[in-house]
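Peer 1: Sequence:
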Amino acid sequence: MQYQSEHSYYSSSAIHGGSSAAVDPLERVVRLASGSAVVIFSLSTCCMCHAVKRLFCGMGVNPTVYELDQDPRGGREIERALSQLLGSGSAVPVVFIGGKLVGSMDRVMAAHISGNLVPLLKEAGALWL
854 MQYQSEHSYY SSSAIHGGSS AAVDPLERVV RLASGSAVVI FSLSTCCMCH AVKRLFCGMG
914 VNPTVYELDQ DPRGGREIER ALSQLLGSGS AVPVVFIGGK LVGSMDRVMA AHISGNLVPL
974 LKEAGALWL
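Quick note on our numbering: the sequence shown kicks off at 854 and runs consecutively.
Do not rely on the hints blindly, as some may be mistaken.
[As the list claims (entries may be wrong)] Here are the in silico distance ranges between beta carbons for each label pair:
1. ARG929 <-> LEU982: 33 to 41 Å
2. ARG960 <-> VAL883: 34 to 42 Å
3. ARG929 <-> MET962: 24 to 32 Å
Read the hints as simulated data drawn from the structure, not as lab findings.
No experiment lies behind these values; they were computed from the predicted model shown.
A virtual CB, placed ideally from N, CA and C, is assigned to each residue, including glycine.
Whole structure, please, built from the sequences with the hints as guidance.
Peer 2: Listed below in C-alpha cells is the structure:
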C-alpha cells in the first residue's frame, strides 16, 4: 500500500504539546487532522480501516494514517476522543479532509457514492485531476 503511515508523532514535541503537561486528546486530534490534506485515524487490525485506506489509495490520494493501536503515548485516549466526536461507539476509521471531519466509513462511502468525495479531495489539494 502507498499511504503514508505516521509513526513520528509518537515522540514529536509539537504534537504532544512540547511540554510535560498533558495535551487534551481532542486538541491533539485537531492538530493531527489539520496537518495533511487527508488524515485517517485507524487501527492496524481493522478491516474497515483497511478498506477506507484502499479507497483513497485507489483514487490516487496519499492519506496520512495514524494507527492508534501503535501509539503507546495516547492512542486509546485519541480513540475515545474520536468516539465522542462522532457520537458513536465505533471510533475508527475516522477521516478528515482539509482539516474537516468527514466521518467514519459510512459517511466516506456515502460521499463517494453520491459524487461528493472527489470535489472535497480536490478542494483540499489531495487530488488534482
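Peer 1: Indicate, hint by hint, whether the structure satisfies it.
Peer 2: Outcome of the hint check:
1. A beta carbon spacing of about 38 Å between ARG929 and LEU982 agrees with the range 33 to 41 Å that was offered as a hint.
2. Checked against the hint of 34 to 42 Å, the pair ARG960 and VAL883 fails, with Cβ atoms roughly 18 Å apart.
3. The given range of 24 to 32 Å is respected by ARG929 and MET962, whose C-beta atoms sit roughly 26 Å from each other.
Consistency with the previously given hints fails for number 2 only.
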